[in-house]
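Chains as they are written, first to last, in the numbering used here: chain A, 1 to 287; chain B, 1 to 376.
Be aware that a few hints might be false.
Just so you have them, the derived chain B footprint on chain A, three or more residues with Cβ under 8 Å [claimed, not checked]:
id, stretch
1, 113-126
2, 190-202
3, 232-239
4, 244-252
5, 257-268
Computed list of chain B residues with no C-beta within reach of chain A, every gap over 12 Å [stated by the list, open to error]:
id, residue
6, 96
7, 129
8, 274
If you're looking for bench data, these hints aren't it; they were derived computationally from the structure. Ideal placement from N, C-alpha and C gives every residue a C-beta, glycine not left out.
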Amino acid sequence: MTTRLLFLAAVIVFAALPAALAQDAGLTLPKTVQAGQSFAVSSSGNGTLYIIGPGQVLKKSVRLREPLQLPAGSLVNAGHYLAILASDSGSQSATFDVLPSQNPARISFLAEPSRLPVDLSDGVAGAVYVFDRFGNLIVNPTPVSFELSVPSGTPQQHSVVTKYGAAWTKMSTTAHEGIGSFVARAGDVSVSRSVYQVAGDPCRLTMTVQPSRQGLQLQTDPVRDCSGNPVPDGTIVSFSESYDGGISTADVPLKHGIAKVDLPAHRGGLLSVASGVVLGNQIRWEK
Amino acid sequence: MKAGYLLAVILIAVTIGLVAIGTLYPVSTAVAYAGGEGLFTSSSTPDQAVRHLADEIRLRQWNRAYESLANKSDFTQDQFFHDLTGYYPSLRTYATLQSFGVFPLHASQDNADVRLELHWSNVVGPATSERTLHVVKTGSDWKVQWPLVKEPVVQPQVISQDYLRWDVIFRGPGDDWGTQNVDSPHVSIVDMHPVQRAEGVVVLGELLNQDVVPAYVTVSATLISKDHSPIATESCFDEISHLLLPKQVTPFRINFPNQELSNVGSIRMSPFSSLVSGAAGPVIAIDNEKINPAPDASLTGQVVNQSGKVINVAHVLGTLYDGSGNVIWVVDQYISRALLPETPRSFNIPIPEDLARKVASQRTVVSSFSFARGTA
Chain A
1 MTTRLLFLAA VIVFAALPAA LAQDAGLTLP KTVQAGQSFA VSSSGNGTLY IIGPGQVLKK
61 SVRLREPLQL PAGSLVNAGH YLAILASDSG SQSATFDVLP SQNPARISFL AEPSRLPVDL
121 SDGVAGAVYV FDRFGNLIVN PTPVSFELSV PSGTPQQHSV VTKYGAAWTK MSTTAHEGIG
181 SFVARAGDVS VSRSVYQVAG DPCRLTMTVQ PSRQGLQLQT DPVRDCSGNP VPDGTIVSFS
241 ESYDGGISTA DVPLKHGIAK VDLPAHRGGL LSVASGVVLG NQIRWEK
Chain B
1 MKAGYLLAVI LIAVTIGLVA IGTLYPVSTA VAYAGGEGLF TSSSTPDQAV RHLADEIRLR
61 QWNRAYESLA NKSDFTQDQF FHDLTGYYPS LRTYATLQSF GVFPLHASQD NADVRLELHW
121 SNVVGPATSE RTLHVVKTGS DWKVQWPLVK EPVVQPQVIS QDYLRWDVIF RGPGDDWGTQ
181 NVDSPHVSIV DMHPVQRAEG VVVLGELLNQ DVVPAYVTVS ATLISKDHSP IATESCFDEI
241 SHLLLPKQVT PFRINFPNQE LSNVGSIRMS PFSSLVSGAA GPVIAIDNEK INPAPDASLT
301 GQVVNQSGKV INVAHVLGTL YDGSGNVIWV VDQYISRALL PETPRSFNIP IPEDLARKVA
361 SQRTVVSSFS FARGTA
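Using the sequences and the hints given, assemble the complete structure.
Right, dumping it as structure tokens:
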């Protein structure tokens with residue numbers, strides 16, 4: 001048993017020896033390189049150097065004891081690279097990593113939703129991915145700040161450190177409608193998204209009625225939500241009139257904050273108003 | 001070999017003979033479809049006179065149909081044509097008369113009353129209309145007195161409208177992943193109720209647009225068996241109003257033919273919405289909505305276009321509730337003629353007899369479409 005284990009260990013050592021000799025004796029380069037930065041490669045012989053990495057291949061001639069200087073911008077894609085020195089006497093190889101730059105240069109910022117009701121806790125979500133100037137995801141922890149500014153009230157701020165290149169947060173909407181600005185910032189880079197805070201469901205929906213040429217004119221008071229924001233024009237208000245044996249209805253959009261419609265007059269008719277799932281007042285027409 | 005020649009000669013001779021007979025003595029149907037005389041050359045009975053007229057209408061032979069009328073001097077051929085096809089573009093304009101039914105009501109020596117039922121076919125399905133015709137004897141023939149229905153005249157006027165309109169600009173195809181887009185409208189199902197009918201399972205409910213923008217909506221449902229495997233998936237097509245303005249509610253009805261509710265463990269509902277351009281008008285009021293009890297239970301009323309714009313197609317959807325407020329059925333009907341401003345147009349939607357007794361209340365909505373300016 002012991003003999004077998006010794007034999008196996010010897011096989012593994014002999015198998016790894018060429019690569020180890022090549023790294024140590026033939027090809028010398030840094031273990032890690034920052035994307036876009038210059039670096040030097042030296043070798044113990046003449047030949048052609050190939051550097052193969054994600055989406056990129058370089059070919060350079062090298063001479064004995066003359067370090068090859070690769071200028072800035074030679075390798076820009078982060079990832080694992082393989083360097084091979086091919087010469088008349090054989091080939092030597094080594095591996096190294098190109099790491100993303102530490103300075104954020106671009107942010108992908110997803111803010112959802114773009115439109116939501118006022119006064120909603122944790123209603124807006126923001127997620128960012130931070131990239132360097134070559135488009136490499138910066139996987140090292142990077143501080144990111146989020147700020148949601150709304151037309152009224154103080155801005156909300158959250159600071160988050162990225163994990164594996166991503167950071168996210170949630171913000172709440174305020175009680176007032178309007179267009180808010182949701183900004184994500186990393187280093188000197190910032191990206192802004194618009195968040196529309198819109199009025200909520202109508203609150204205390206009331207109408208009045210008066211005789212008109214066609215019968216009765218039903219008209220709402222200015223329709224507002226429970227925070228006092230005007231409900232947007234175009235919102236449908238449903239009027240109905242129930243009378244002996246029949247009903248008259250009309251779905252009417254808000255125009256300049258109010259909705260109005262003409263319905264036929266029926267003595268004893270019960271008039272009601274609603275919008276979505278919100279019911280308003282009822283009036284019995286006795287005249 | 002000789003037998004083969006003989007057979008060929010016989011076949012040729014028979015063919016020539018049949019062609020000659022068909023040319024000299026053609027059947028009336030062939031003549032009519034070839035553009036010759038009508039199917040009925042003689043109108044010796046009131047019934048035949050009405051059939052003659054209906055056939056000419058089916059063949060769209062407006063001139064011959066008009067010429068066959070007893071009271072053609074009362075109106076022009078153009079008025080007769082528009083009475084049948086509509087004065088403004090509508091579903092009827094593009095409909096074809098598929099078939100008709102003739103039902104004598106009473107007859108005497110020189111006049112008769114006949115009910116003519118016209119079965120039209122249009123892009124949204126079949127539609128039936130009927131006219132009661134007075135038929136008079138003129139000489140040896142009977143002729144129909146057409147009861148022309150004149151379109152109400154809308155006074156020339158200018159009506160100003162300032163309906164809100166929403167237009168949408170979506171994210172471009174080349175934009176980055178994180179680039180902001182406009183969200184789809186938020187919609188929710190506010191009521192859902194499955195029922196077992198003779199034809200299968202029917203899922204009924206109501207859908208609300210909770211958002212502040214218009215939404216194109218549809219609903220699909222999947223029946224899940226008691227062992228959690230899907231049985232069938234269907235979506236609603238006609239029995240829903242697909243364009244919902246903010247805070248608007250539409251009923252929906254999804255039919256699962258040949259399914260048993262007893263086999264269903266649960267139902268998975270999938271409302272779908274997308275943001276579309278739209279306008280907050282025109283307003284269509286519904287007057288005199290009534291549930292008429294059995295027999296011939298129906299939902300009736302009149303739709304009134306309160307705008308100054310002609311609405312070419314209107315779709316009426318009725319939601320029927322029981323005493324507890326549950327949706328028990330959804331009915332619908334397309335108005336085959338255009339809605340003119342401030343001109344009531346009647347609808348009459350049949351209700352299943354067994355459900356009519358349970359109906360405690362109803363709610364009717366109308367969706368509309370205008371050819372000239374897109375959806376409305």
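Quick rundown of the hints versus the structure:
1. 113-126: holds (count 3)
2. 190-202: holds (count 7)
3. 232-239: Coverage by chain B holds here, the residue count being 7 at a Cβ distance below 8 Å.
4. 244-252: holds (count 8)
5. 257-268: Satisfied; 4 residues make the cut.
6. 96: Residue 96(B) is indeed farther than 12 Å from all Cβ atoms of chain A, at 33 Å.
7. 129: holds, 24 Å
8. 274: Holds, because the least Cβ-Cβ distance between residue 274(B) and chain A comes to about 14 Å, which exceeds 12 Å.
Checked against the numbered hints above, the structure breaks none of them.
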